[in-house]
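K.L.:
Each chain, letter by letter, is given below.
There are 2 protein chains.
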Amino acid sequence: MRTYVLDPGARIPLYEQLYRAVKEDILSGAIAGGEKLPSKRALAEHLSVSRITVENAYEQLLAEGYLISRPRSGYFAQRLQTLPSAVRNNTPHTEQTAVGVPSASASYFPFSVWAKLMRGVLLDRREQLLQPVANVGLEELRRAIAGMLRRSRGIEADPDCIVIGAGAEYLYNILIQLLGRDRCFGLEDPGHGKIAQVYGANLVRAVPVALDEEGVSVEALRQSEATVMHLSPGHQYPTGIVTPIGRRRQLMAWLAESPHRWLIEDDYDSEFRFGGKPIPTMFSMDDVGRVIYMNTFSRTITPALRISYMILPPELMAQYRARLGFYSCTVPAFEQLTLARFLEEGYFEKHLNRMRRHYRLLRDDFLEKLGASPCADRILVQGHEAGLHMLLRLETALSDEEVERRLAEVGVRAASLRRYEMRPAADTRQGVMVVSYSDLEQEQLPMLIHVLAEITA
Amino acid sequence: MRTYVLDPGARIPLYEQLYRAVKEDILSGAIAGGEKLPSKRALAEHLSVSRITVENAYEQLLAEGYLISRPRSGYFAQRLQTLPSAVRNNTPHTEQTAVGVPSASASYFPFSVWAKLMRGVLLDRREQLLQPVANVGLEELRRAIAGMLRRSRGIEADPDCIVIGAGAEYLYNILIQLLGRDRCFGLEDPGHGKIAQVYGANLVRAVPVALDEEGVSVEALRQSEATVMHLSPGHQYPTGIVTPIGRRRQLMAWLAESPHRWLIEDDYDSEFRFGGKPIPTMFSMDDVGRVIYMNTFSRTITPALRISYMILPPELMAQYRARLGFYSCTVPAFEQLTLARFLEEGYFEKHLNRMRRHYRLLRDDFLEKLGASPCADRILVQGHEAGLHMLLRLETALSDEEVERRLAEVGVRAASLRRYEMRPAADTRQGVMVVSYSDLEQEQLPMLIHVLAEITA
Chain A
30 MRTYVLDPGA RIPLYEQLYR AVKEDILSGA IAGGEKLPSK RALAEHLSVS RITVENAYEQ
90 LLAEGYLISR PRSGYFAQRL QTLPSAVRNN TPHTEQTAVG VPSASASYFP FSVWAKLMRG
150 VLLDRREQLL QPVANVGLEE LRRAIAGMLR RSRGIEADPD CIVIGAGAEY LYNILIQLLG
210 RDRCFGLEDP GHGKIAQVYG ANLVRAVPVA LDEEGVSVEA LRQSEATVMH LSPGHQYPTG
270 IVTPIGRRRQ LMAWLAESPH RWLIEDDYDS EFRFGGKPIP TMFSMDDVGR VIYMNTFSRT
330 ITPALRISYM ILPPELMAQY RARLGFYSCT VPAFEQLTLA RFLEEGYFEK HLNRMRRHYR
390 LLRDDFLEKL GASPCADRIL VQGHEAGLHM LLRLETALSD EEVERRLAEV GVRAASLRRY
450 EMRPAADTRQ GVMVVSYSDL EQEQLPMLIH VLAEITA
Chain B
30 MRTYVLDPGA RIPLYEQLYR AVKEDILSGA IAGGEKLPSK RALAEHLSVS RITVENAYEQ
90 LLAEGYLISR PRSGYFAQRL QTLPSAVRNN TPHTEQTAVG VPSASASYFP FSVWAKLMRG
150 VLLDRREQLL QPVANVGLEE LRRAIAGMLR RSRGIEADPD CIVIGAGAEY LYNILIQLLG
210 RDRCFGLEDP GHGKIAQVYG ANLVRAVPVA LDEEGVSVEA LRQSEATVMH LSPGHQYPTG
270 IVTPIGRRRQ LMAWLAESPH RWLIEDDYDS EFRFGGKPIP TMFSMDDVGR VIYMNTFSRT
330 ITPALRISYM ILPPELMAQY RARLGFYSCT VPAFEQLTLA RFLEEGYFEK HLNRMRRHYR
390 LLRDDFLEKL GASPCADRIL VQGHEAGLHM LLRLETALSD EEVERRLAEV GVRAASLRRY
450 EMRPAADTRQ GVMVVSYSDL EQEQLPMLIH VLAEITA
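So the protein lines, in turn, are chains A and B. In terms of this note's numbering, the first sequence is residues 30 to 486. In terms of this note's numbering, the second sequence is residues 30 to 486.
One or more hints might be untrue.
Note: identical chains are not told apart, hence a pair may lie in one copy or across any two.
[Claimed, not checked] Only pairs whose alpha carbons sit at most 25 angstroms apart, straight line, appear in this in silico SDA-like list of lysine to any residue: (1) 223 - 233; (2) 69 - 45; (3) 398 - 153; (4) 379 - 156; (5) 145 - 232; (6) 145 - 156; (7) 69 - 31.
Keep in mind the hints are simulated off the structure, nothing from the lab. Computed from a predicted model, the values in this text were never measured in an experiment.
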């Protein structure tokens, strides 16, 4: 068994030392792709550390795609060719995604199950369909969400601290009113344009905070005036960066320094991770009660359904009830009851698993075909471990607009990464495309590769 | 046939002169209760005025409850005892309503029809249920709303200027962002507390504007700093005042004086008028393009359904699309499609007619029982021509809180009018109760009268 020298006296915690060392070994090839790793118990004994230490390190490696876990079989190193390409190019944690935050393809939605549940709600819940809905949403749905979060995300959420709303944008509006208009909101740059638009439409101060390869740069955050940081550490949009544990701890330290600081953890995309489990949320790490967790079902179920939610820390929840409890819930009881059943009866997780499988196959097929194509050397793929999009870094003489146009011609949704920048980045990003493959069909892949070869010729 | 002297040279238009004269005759008894009035054509010929003049006058009298119209029979003067009590006490236009803006009783909602339409949508419209919804809402629903408004409200609305949103409160938030945070919003005082709360939560300047017996006082409005007046001329909450045409013209004059002025016509309750047709909206009178019309289905269908809409003047609509078009529609496609069918297939109007009949009978029964009770002289009933609530002006030694408590004990929702005041009114309003009878059952009436007799004893 491989031995790692871990230093209990170092400033970096043991699990992170172990995580770094194992990752280094995988990247260098010292641990071969496909090699089975020791069990958590065995490694803990071997290194004389607690099992929790190994567990935390493995979890992070899983989340970032370095390890894969096979049920009843154990942990295996990811094969180098399926490792994030960026990783092989010294930008370790850059995992990225793309354009207009696509939803999962509607054709895979289990419509007949949903329709069956709706008919059931119509039959059984007449009374509730005619009563006003509590401002925070129906308890039934809040409980179902808490259960789902516990099972799939490791989040312990009090259903009484969950607020249901008609879409994330609506909840951003509510958060501005709740946290206060005098605050300065930090936005990830590059980032999702709509978030900036919501803050802009509300005329509150919002400043771009630059990302580095681990996500929000703490240095940039400290230099900014932001007191509320709106971020997606689980899978940043559009770069797809998964913020590692070390950076998360730094962000938590920033948060803890002042009672006036807040984090809005926008976990919009955590469901579509292909490699390993999602990293534990910052909400779960929060011991100062100032991380707000948000997520939505619009993207995972259907965009025609507008249901999002947020979990507020208890003190903030009390403030919400006192000051904004007058608002009526914006989501119809009918959708809430149907979604509650969809979650409770296991359909949501089944649906997600099916989606994940589908997109992983599509992605693998694309990567394989790309690898075999003559343009393989001129294209760097990033962010394909998660989400419904990836970043293509193209060596091309064409303008970004021209590349977008050429891809659109073969039915591929793509947008230049530059479109997501608030402040133009110092390093040029020409030729970086955020490509959505949620609408992509297997049959389109040869044509897509063909066009990419032309673009980079 | 009675003759009225109308002066075409006067500043007051002919139809308003006629309306005033007929109203005077009804109030004085010169036209007896139940007396048939001349047909519009006959009276127009007799007075040598256009038929439109008579039509406008009759319409206003109908809307305010002075006339009733019997199909194929003609126009009749309202009987004095069922006239607005306040009218008999020199506060001519005061028609009032009450507590928490109640919804129509859920038990009357045609649930099986709604469920049938929902099942139909599930069968036929699968594709649309999986597609994103246009920011302004589905065209199908916007067309259906425009059709309903044309038929029942005389409003000519361009479906492309309608914006669908998850509840009126959500749309108020959008309007603040659209009109601008630097404006000062005028709120009716007394008024619906939630409206003030929404402006308050957004930290925009909002000032109370006092009402007189015709609705928003133009003098008070001019003395305020308000540049946007948020009002319900069709049926003010909680006073139930129906703003007469003359006052509407004065408000339109105020609006026309500056391009920076706006009116938000919140027509939340126009569906539940018992006497005659609703008065034409200010939106329909608007020739400067600065009246925004709003209404909701939450109260008429079920509060568990959150669908409201607003009609924006074309120029404002263009601004909305440019600046706020990025927002996703907050109402699920499913509810939009179901409601579109409910409107298109005539169910909505049928439902409203049924509701109106039900509440009118309940009200009549209450008034009759009250009239026959020993406390009749100590109670003045106002605002019972419309809405699901009325104002009871009680001669009582009890505090308002005690009266509320006594009524709650017999299951009657009531709140002191004082609770709706932003600035305490100069004239004391002690003993004025806003009473909701939307949950009231016929069987409760004797008990209610009994308690009222005790309270005013």
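K.L.:
First find the shortest C-alpha distance between residue 69 and residue 45 inside one copy, then the shortest across copies, and answer within, between, both or neither for a cut-off of 25 angstroms.
P.N.:
This pair counts as within: shortest intra-copy Cα distance 15 angstroms, inter-copy 88 angstroms.
K.L.:
For the identical chains here, do residue 398 and residue 153 meet the 25 angstroms Cα criterion within one copy, between copies, both, or neither?
P.N.:
neither (51 angstroms within a copy, 39 angstroms between copies)
K.L.:
Within, between, both or neither: how does the pair residue 379, residue 156 come out at a Cα-Cα threshold of 25 angstroms?
P.N.:
between (30 angstroms within a copy, 22 angstroms between copies)
K.L.:
Evaluate residue 145 and residue 232 at a C-alpha cut-off of 25 angstroms and name the case that applies: within, between, both or neither.
P.N.:
neither (44 angstroms within a copy, 44 angstroms between copies)
K.L.:
First find the shortest C-alpha distance between residue 69 and residue 31 inside one copy, then the shortest across copies, and answer within, between, both or neither for a cut-off of 25 angstroms.
P.N.:
For residue 69 and residue 31, the Cα distance is within 25 angstroms only inside one copy (13 angstroms; across copies 101 angstroms).
K.L.:
Please sort residue 145 with residue 156 into within, between, both or neither, judging by C-alpha distance up to 25 angstroms.
P.N.:
Answer is both: 19 angstroms inside a copy and 17 angstroms across each meet the 25 angstroms cutoff.
K.L.:
Check residue 223 against residue 233 for me: Cα-Cα at most 25 angstroms, and say if that holds within a copy, between copies, both or neither.
P.N.:
For residue 223 and residue 233, the Cα distance is within 25 angstroms both inside one copy (14 angstroms) and across copies (23 angstroms).
Taken one by one, the earlier hints fail for this structure at numbers 3 and 5, listed in ascending order.
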